[in-house]
Amino acid sequence: MTKNVGGIDRVIRIVLGLALLAGYAMNPGGGYSWLYLLGIVPLATGLIGWCPPYAILGFNTCSMKK
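According to my numbering, the sequence shown is numbered sequentially starting from 5.
Incorrect hints may have been included.
Label-pair distances were calculated between CB atoms; the ranges are [claimed, not checked]:
1) 44 x 5: 13 to 21 Å
2) 64 x 18: 27 to 35 Å
3) 61 x 15: 17 to 25 Å
4) 62 x 16: 14 to 22 Å
5) 22 x 54: 13 to 21 Å
6) 16 x 60: 18 to 26 Å
7) 35 x 59: 29 to 37 Å
8) 33 x 12: 20 to 28 Å
9) 65 x 44: 18 to 26 Å
10) 35 x 15: 27 to 35 Å
11) 61 x 12: 29 to 37 Å
12) 56 x 36: 20 to 28 Å
Source of the hints: derived by calculation from the structure; they are not laboratory data. Don't be surprised by glycine CBs; every beta carbon is placed ideally from N, CA and C.
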């Protein structure tokens, strides 16, 4: 797996994922609170640095290594 998620993209994904999981922690029994658990996806892709849809579509936000 070649990394395809770079700098700012990774930070945004991690922050978004943590915010969604914090929302779930604050309201675990609410009606649609299970949707907050979708925060696991951006958190995981941000931490790993690889996003399957990016790989399929050919996107790459990593900076080029010289």
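Hint by hint, here is what the structure shows:
Range check, residue 44 to residue 5: about 18 Å between beta-carbon atoms, so the 13 to 21 Å window is met. For the pair residue 64 and residue 18, the supplied restraint of 27 to 35 Å is violated, since their beta-carbon distance comes to about 18 Å. Our hint of 17 to 25 Å for residue 61 and residue 15 holds, since their Cβ atoms are close to 21 Å apart. Checked against the hint of 14 to 22 Å, the pair residue 62 and residue 16 passes, with Cβ atoms roughly 20 Å apart.
Look at residue 22 against residue 54: about 19 Å separates their beta carbons, and that is inside 13 to 21 Å. The hint said 18 to 26 Å for the Cβ distance between residue 16 and residue 60, and at roughly 20 Å that hint holds. A C-beta distance of roughly 35 Å is found between residue 35 and residue 59, which places it inside the suggested range of 29 to 37 Å. Against the hinted window of 20 to 28 Å, the Cβ-Cβ separation of residue 33 and residue 12 comes to about 35 Å, which falls outside the hint.
Range check, residue 65 to residue 44: Cβ separation about 20 Å, and the 18 to 26 Å hint holds. For the pair residue 35 and residue 15, the beta carbons lie near 31 Å from each other, so the given range of 27 to 35 Å is met. With their beta carbons about 19 Å apart, residue 61 and residue 12 fall outside the hinted range of 29 to 37 Å. Taking 20 to 28 Å as the suggested C-beta distance range, the pair residue 56 and residue 36 conforms, at roughly 25 Å.
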